[in-house]
Structures are given as structure tokens and as C-alpha cells.
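Position one of the sequence shown corresponds to residue 1 (the UniProt record's numbering), numbered consecutively onward.
Hints were generated in silico from the structure; no laboratory data involved.
Hints may contain errors.
[To be verified] No more than 25 Å apart at the CA atoms, straight line, and that leaves these computed lysine-lysine pairs for DSS-like:
#: 1; residue 1: K546; residue 2: K325
#: 2; residue 1: K122; residue 2: K99
#: 3; residue 1: K497; residue 2: K603
#: 4; residue 1: K142; residue 2: K325
#: 5; residue 1: K546; residue 2: K528
#: 6; residue 1: K325; residue 2: K497
#: 7; residue 1: K447; residue 2: K341
#: 8; residue 1: K447; residue 2: K528
#: 9; residue 1: K546; residue 2: K603
#: 10; residue 1: K354; residue 2: K341
#: 11; residue 1: K545; residue 2: K325
#: 12; residue 1: K545; residue 2: K497
#: 13; residue 1: K341; residue 2: K443
#: 14; residue 1: K443; residue 2: K354
#: 15; residue 1: K341; residue 2: K528
#: 16; residue 1: K603; residue 2: K613
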Amino acid sequence: MEGNIAITVFAWVLLTFAGAVTLFGAAVFTAAQCQLSVNLATAGVFFVLGTPELVHVSSELAKGNINIHVLTSIAVFGTVWLGCAIEGGLLLALFATAKLVEDKLTKKAQGDLRALWNSVPKTATTVELFPDNTPDLASQQKVDAKSVPTGSYALVRAGEQVPLDGEVVYGTAWVTVEHITGEAMPIDKTIGDEVPAGAQNQDGVLVVRTTCSYDDSTPARIARLTADAQKSRPRMQSLLDKFGDTYSRVVLLFTAIVLLVGILMGHPLTGSGGVAYRAFAFLSAAAPCALMMTTITYVAAIGACAQRGVLIRGGLTLDTLVACKTMALDKTGTITTGVMKCSSIVPIEGSKGKACPPADDVESLAIAVALERHSLHPIARAVVASSEGLELPRIQVEDFKTEHGKGVKGIVTLPDAAPLNVRLGSLSYVSEVLTPGEMELAKERVKCSAVKITAALVATEVDRPDKRRVRLFRFEDQLRERSRAAISELQNPPWAKEGMDLVMLTGDNHASAMRVSEQLGFHEFQVKAGLSPEAKQGMIAELQKKGGVVMVGDGINDAPALAAADVGIAMASTPSDAAASAADILLLHKDTAGITVLPFVMKIAAITHRIVKQNIAIAAISVVGTCSAALLGIIPLWLTVLLHEGSTLLVAANSMRLLLPEIGRREVVRLGLIVAVAGTAWCSIALKTMRSLSNLEMVQSAYAGLLAGVLHTLTGPDHLAALAPLTIGRTRGQSALFGGLWGCGHNTGQILFGAVFLLLRDRLNFNLDFIGQFSQALVGITLLLIGFFGFKEAADVGRRARGEHGVGHGDGGHGHSHGPVMTGDANDGFAVGTYVTGVIHGLQPDALLVLLPALALPSNAAAAYLATFLVGTVVAMASYTFFIGVSSSAISRHNPNFVKRISQGSALIAVLVGISLLIGAATGIDILGGGH
Numbered sequence: 001m002e003g004n005i006a007i008t009v010f011a012w013v014l015l016t017f018a019g020a021v022t023l024f025g026a027a028v029f030t031a032a033q034c035q036l037s038v039n040l041a042t043a044g045v046f047f048v049l050g051t052p053e054l055v056h057v058s059s060e061l062a063k064g065n066i067n068i069h070v071l072t073s074i075a076v077f078g079t080v081w082l083g084c085a086i087e088g089g090l091l092l093a094l095f096a097t098a099k100l101v102e103d104k105l106t107k108k109a110q111g112d113l114r115a116l117w118n119s120v121p122k123t124a125t126t127v128e129l130f131p132d133n134t135p136d137l138a139s140q141q142k143v144d145a146k147s148v149p150t151g152s153y154a155l156v157r158a159g160e161q162v163p164l165d166g167e168v169v170y171g172t173a174w175v176t177v178e179h180i181t182g183e184a185m186p187i188d189k190t191i192g193d194e195v196p197a198g199a200q201n202q203d204g205v206l207v208v209r210t211t212c213s214y215d216d217s218t219p220a221r222i223a224r225l226t227a228d229a230q231k232s233r234p235r236m237q238s239l240l241d242k243f244g245d246t247y248s249r250v251v252l253l254f255t256a257i258v259l260l261v262g263i264l265m266g267h268p269l270t271g272s273g274g275v276a277y278r279a280f281a282f283l284s285a286a287a288p289c290a291l292m293m294t295t296i297t298y299v300a301a302i303g304a305c306a307q308r309g310v311l312i313r314g315g316l317t318l319d320t321l322v323a324c325k326t327m328a329l330d331k332t333g334t335i336t337t338g339v340m341k342c343s344s345i346v347p348i349e350g351s352k353g354k355a356c357p358p359a360d361d362v363e364s365l366a367i368a369v370a371l372e373r374h375s376l377h378p379i380a381r382a383v384v385a386s387s388e389g390l391e392l393p394r395i396q397v398e399d400f401k402t403e404h405g406k407g408v409k410g411i412v413t414l415p416d417a418a419p420l421n422v423r424l425g426s427l428s429y430v431s432e433v434l435t436p437g438e439m440e441l442a443k444e445r446v447k448c449s450a451v452k453i454t455a456a457l458v459a460t461e462v463d464r465p466d467k468r469r470v471r472l473f474r475f476e477d478q479l480r481e482r483s484r485a486a487i488s489e490l491q492n493p494p495w496a497k498e499g500m501d502l503v504m505l506t507g508d509n510h511a512s513a514m515r516v517s518e519q520l521g522f523h524e525f526q527v528k529a530g531l532s533p534e535a536k537q538g539m540i541a542e543l544q545k546k547g548g549v550v551m552v553g554d555g556i557n558d559a560p561a562l563a564a565a566d567v568g569i570a571m572a573s574t575p576s577d578a579a580a581s582a583a584d585i586l587l588l589h590k591d592t593a594g595i596t597v598l599p600f601v602m603k604i605a606a607i608t609h610r611i612v613k614q615n616i617a618i619a620a621i622s623v624v625g626t627c628s629a630a631l632l633g634i635i636p637l638w639l640t641v642l643l644h645e646g647s648t649l650l651v652a653a654n655s656m657r658l659l660l661p662e663i664g665r666r667e668v669v670r671l672g673l674i675v676a677v678a679g680t681a682w683c684s685i686a687l688k689t690m691r692s693l694s695n696l697e698m699v700q701s702a703y704a705g706l707l708a709g710v711l712h713t714l715t716g717p718d719h720l721a722a723l724a725p726l727t728i729g730r731t732r733g734q735s736a737l738f739g740g741l742w743g744c745g746h747n748t749g750q751i752l753f754g755a756v757f758l759l760l761r762d763r764l765n766f767n768l769d770f771i772g773q774f775s776q777a778l779v780g781i782t783l784l785l786i787g788f789f790g791f792k793e794a795a796d797v798g799r800r801a802r803g804e805h806g807v808g809h810g811d812g813g814h815g816h817s818h819g820p821v822m823t824g825d826a827n828d829g830f831a832v833g834t835y836v837t838g839v840i841h842g843l844q845p846d847a848l849l850v851l852l853p854a855l856a857l858p859s860n861a862a863a864a865y866l867a868t869f870l871v872g873t874v875v876a877m878a879s880y881t882f883f884i885g886v887s888s889s890a891i892s893r894h895n896p897n898f899v900k901r902i903s904q905g906s907a908l909i910a911v912l913v914g915i916s917l918l919i920g921a922a923t924g925i926d927i928l929g930g931g932h
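Take the sequences, apply the hints, and build the full model.
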């Protein structure tokens, strides 16, 4: 890429030289010399840009392929036959520039997936575990993450990142997965939970058992899936590939017909308005480059989604998603979190007490928490989670026992109370200690409840069995935060005229499903409950009779329905989750946002579809309009290519909107107005400039001023003496800045001196010898000042070399320079001093020499001369000092002290020259010789 940029820039330099010689060469060279110079420059362009194109086109023709490159190359090389080689060189440069920009935009569209790799640590700390699963810290080793085998144990301390995908086997901590989902909200991870590589441990210590290799980790899989998706071909790309060669052959045939018809009608074959010229222009305009570029929209969309933790398998998925009007949603784990929480506690013993929230029966909740605190069962987690934020009494637990698959029991003691025999678990487990009446009542409460997950607690005083506490704990799946808002946005989307028809498919009972649907605002006909995986698949087939269907699920039980739907969307923690293989889209937000990212996915699909249609319209209008104008001879060949490539870049830029941050309509209108006003102003300036350039005398004056400014700078030895001390040891940017600033001051001094002289020459009796000696003294003074600045900067370079050399690249060297780093006040002071010395240096009689040509010109031409003289001087001096800065910076990397000595030497030369000029001025010796 960098090599192509350099070659393209070199080609533009050659073209600029050829154009300048064509316009202004007659004033300097003979006609033969001008023609030779133009031919050599054009030949250079064809050599550096045309040779690779010729090789590529020859290869395509040898294979029998006639594509876009063949069409454009025939037009380019045809210009040589027409005698318009310089125009052909311009075409090559335009093609190369457009290709570079398109490549840059395409890479931008693909997104920087390398950032995922950079977010994963390259090393891992492995440990062995004791029998109780605690880490043996004495066994820890730091190794390369790529060498860690699956099944190893990795230690992750607070502030560190998880090196490989794995399962937590020890510890609890809050972690963030911002590198995958883009969300900074921490997630609580404990034993049994999965964590992806790159997850940041916020607190606590974790031991993770690795479940895959480094190359198979979540970031690696995301990168591969996204890259594969971006390579997949949407419908349009397949269509373009299918008919691309046919289209190119038709265009080539039509071009031949244009040539034949034009000749038969008596039009000239060659020349700028000839049939061949128009045919080649048509050939360039008809190439469907803009149409081929429309598919970059899909690349940008997939890249934008990947950066938000949404993996799309290809552009075809986006096309299908837009066509779908029905979305089926699984309930558990999709609309809800899939994590149980105690919703109520129902008293059973002796009465038909009403259900109450856990906070209203703190003692019963405290007993349950005391028993379940050390259990890993989901119900145990739900009980403990229900106590968060509540102040529970301290309880002692003795004789604790766990009966797997049934429940727990033990002896608990509340403060200032008798010990209790407690049993907590399934209803069948506690039935052994329930009375028949209590058992019947418990069964009735369970049967009437919409909640299907319950646990019973029986607490009996050890010494008084008749004093007992019987409670039924109800557990419910929790609705995800913002699920209601996401559902509402899907039903009434701001990006589309019509919303989605939503249906809930769940294996839960009807009462439980309706409880959730009521919170979401669903009607009963939108809820299908008690479905098996096969029944879900059948329901998808039934819904597809009305149109395309999107299925959203999260588990392996949803895989048949996900595969059967037109678009399957799976919510997963990692790309390796069970449901992921059956899905077309993966939402890596299972632990965080859940379905709240669905509106974003639907919006991206809709915008992508809209932009693709816009791009097709742009491409079609460009091809038809440009081809028509080319055939009629309204526009030249070079403008045809410029319009053609401009439309291609416009299509690419339009696609990039998918990567921009979302902004409101008001900001869009405001931005549009600014662009419109700026565009109008630019067009006005461009038209005014073109009209001004039509005056050849003004153009010639501007060229003469530019040449005079450059030569004036390069032929003045005192300029080198003045500029070197200012720029040695500085960065390239600083050197160019101070050189240009000094040049601007120098021009200011020259113009001031010339203006004062012209205004006062008829009123005062000037002694030109005295003026010359005075000016020589001023130059000497400026050189002494510059020498002083040079010595000061040399001392700064020395101090930096002693204090900073060897530590400037601690982070890899990025963003560092080897030049001076000045504070704002020091920088401002030095800039002012640089400008002032430039002004003083410019107060010399030779200012008259550069102003005299302007006096003999009309006002517009004189203004153009002076303006370009200023530009030429500033650019030349900035270039002068830029190369000085480049050289000194390169030397300073290896030997900063040598730069200090060069700086001291140039300052000393400036001082010696300045003293010589002052002595010459005092003794009447003209050292400058009257000019530069």
C-alpha cells in the first residue's frame, strides 16, 4: 500500500511537471525542449503506472476475460494512438488514486479486528490445584498463552485479563467483556461460569480451566467469522459476478458500433473531437466501477456490527433480514435472564396465609440463606441472590448435609431462639416431615401457581416438635432490563414504516408465559406455550406461510427452530455456544444486554438495504449521464474519467455512513446546511478562479512570481546561514513550520522596504550606498540574533541528550520524536523571535529587485505575482528547513551529541557572518554585493 502511494505521488509529480511545461515552458525553453520534457514526463507516468496495468490486462485477455480493467485500459492506451498521451497519463493517475482511496475505504469498512487480538494477553499464569480446588500458588508459572494446553488451570488476579476461554473453577469476581460486546458493565462470574479470553478481572481472584486453545479462543473465532462473513457474497455481488463479463463484452461491442457508425456518418476518426476519442471516453464511462463498489456497504455493515458484539454470517443474511416481517422469540434466556430469583414466600402451616415478598419474611429467608450459602445449585444461588440488600440476622448452622438432587438439611440457631431442625428442598424431599394437611395445602398452592419452580422449607424446634415453620419458596425467571423498550422499538421502529409481528415461543406452561407477556404488552394470541423443540420448529414452518420469519433463541433446544427460520439469531456468551452453529447471527450479549441489541441489528439491516439502493441509483445515473455526455463530445476524456471515478468514491463514502456514530436528525440537517453553504462557496471560488485563470497574463505573472520566490530563497547564502541554526535538531514538522514562518517574515520585510522606498523616493534624497550599508548591518544583526538562538537550542539539545536518550522508546517508539519538546510559552516566544528576525532580514535594497516586475504589471497580474512570490518563498524555505530537520533527526537517533555540535557550528557561522557584515557596514565594505 505504501509503495503504491509513493508511485502514485511520483506519477502526479511527473504530470504536474508536464502540465507546467505545456503551459509556461515557452517562456524558458525552446519548442523542441518543451516537447521533449513533456514526452519524457508522460513516458515516466506510463512506465510506473501503465506497466503493471498492461501486465494485468494482458493476463486477463489471455484467460479470455473482458472485465472493467480491460475496458479502462483500452481507453488509456488508446489515447497514445490518438496523440493525447498526456491525457492518458492523467487517466492512469486518476485510476491509481481512486484505487488507493477505495482500498483505504474498504479496509476501514472491514473494521479493525486486530484490536480483538491486541485485547488478549500474550502470556498466562498457570497453577496446580489442591484437592479442595484452591490454587497452589507455589506452582504458578508464567508461560506463553499459545503453549497452554486445553484443560490447564490459569490464575487471573484482579486487574488482569483472562488469557484463554475457560470455566471458572475457583473464586468469584466481577469481569468486563467490553472488547467483545462494547459494554463496560461488569458481570458477576463465579464457579461454573464461562469467561472468554480477554475478559478483564475487576476484583477478586479466579482460577479458570481452559476449554480451548489460543487460536480457537473467542476473539480468534470472532475475527474468523467476521472475515468469512465479509467475503461471502450477497445477492447483488453474485449477480454482478454472473453478468460482469457479459456486460463488459456488450460495452466493447457497443464501442465498436460507435466507431463504425461515426466513420460511416463522415465524422473524423482521430483528434480531440473525433469518433475514436468519443468512443474511448464512452468506454471509460461505461465501466461499472461504481456499481461494483456498492457491495462495500455489506462489508461496512458487518464490520460495524462486529464492533458491537454482533456477528453476521454474510451480506445475504442482511438482505433476508430486511424481507422478514415476523420475529419469534424464545422466552427463557432470551426475553428473560434465565437466572432464577425468589419472588415470594408462602406460609403453609396451620393457615392459608398470603404470599409475601422475601423482604417481609426475613427470618425464613435468613434460615434458607444460611443453609444454601455454600451450595452451587441454581436454587441455592437464587435464594442467596434474593437476600442482596437485606439485613439478615446472624445464624449458626450445625450438622449441615447435602442430599444431591433433593435438598439440604441442618440445625440452625437464630439469635435468642431455640435451635431448629431445618429441611429445605423439593416438596417430595420435605414431605417426610410434613403433616398430611400441610402436604395437601402445599400441593394445592403449587398447582394454582403460575410459577413452576418451588422449594419447601420446614423448620421444627429441636425440643418442641409441635412448634414449626413451613414455607413455600417460589422462584421466577427475571425479565431482562430494557426488554420492554426493545420490544416496543421492534413493533414501532423509527427506521421503518412498519414494525415486526412478534410471537413468543416457550416450553414453559401457559400461566408462566402469560405472566411475562403481560409485562411486555403481548396479547394472548402472540404467546405459544408448552412447546417442545420439535413443536417450535413446526410453529416456525407455520409462520413462514405468511412470509419471512426471524427466530431468536439462546439454547440447544432452540437449534431446530433457529435452523428452520429464514434468519436465526442466537444469543451466546461465546461463538462456540451450542446454539451458535445453527444461527445466522450471533449476539454476544447473553450475559449483558440480551435482546436489547435486536433493534440495532434490524436498524443496520434496514439502513444497509437503503444505502445499497442509493448506491445503485448513483452508479446508474453516473454511467448513463457520463456515457451520454462522452458520446456527444460534451466533456473531454479526462473529465469523463474524473466523473466516473468520483461517482465510485461517492458510493464508497456513502457506504461509510454505517461506521459513523449515530446522530440526531437536527444535527444531520445542521450538517447538511453547513456542507451546502461550504459547497456553494467553494464552487463560487472555483468558478472565479477559473475565470481569472483564463487571463493568460495573470497566469504567467503568477508563475513568474512563484519561480522568483523559489529561486530567491535557494540562491541566498545568508538564508542558509540564518535558517540552519533555527532548525537543526528539531522535528520535521517544527523545522518546516519555523522555516516557513521565517520566510513569511522575510517577505513582510521585503514588501515593507519596497513600499516605503517607492512612497518616499520622490520626497527624500536617498543615499543608496548608506542604505546598502544600513541593510547590511540589519542582516548582520539578524544573524547575530539567530546565532544566539542557535547556541541556546544547542544547549537544550545537549540537556535532552543527557537526560532523555535511551528512554524515549519505552512504549515502542510510537508517537515520539527526537526533536525539541518546548512548552507553550517557549514555543510562542521562539515563533515570534523567528518571525521578527525574518522581517528585519528582509529590510534590504534587494527587495526592490523582486518588486520591480510587479510595478510593470496591471493590478491583477501584479497581485498574482506578489501572492505567488510569497507562496514560493514560504514553501521553499519550509522545504529547505524540512530537509535540514529530517537529516538532523535521523542523526540524532544515533548520536544526539553530534547534532548538538552541528547546531553549535551553524550558530557560530551565523555569528561570524553577522559580525563580518557589521564590520563591513561600519567600514563601508559591501560584503553582500548589492543583493543575493
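Exercise for the section: Provide an ascending list of the numbers of those earlier hints which the structure does not satisfy. Expected result: 2, 4
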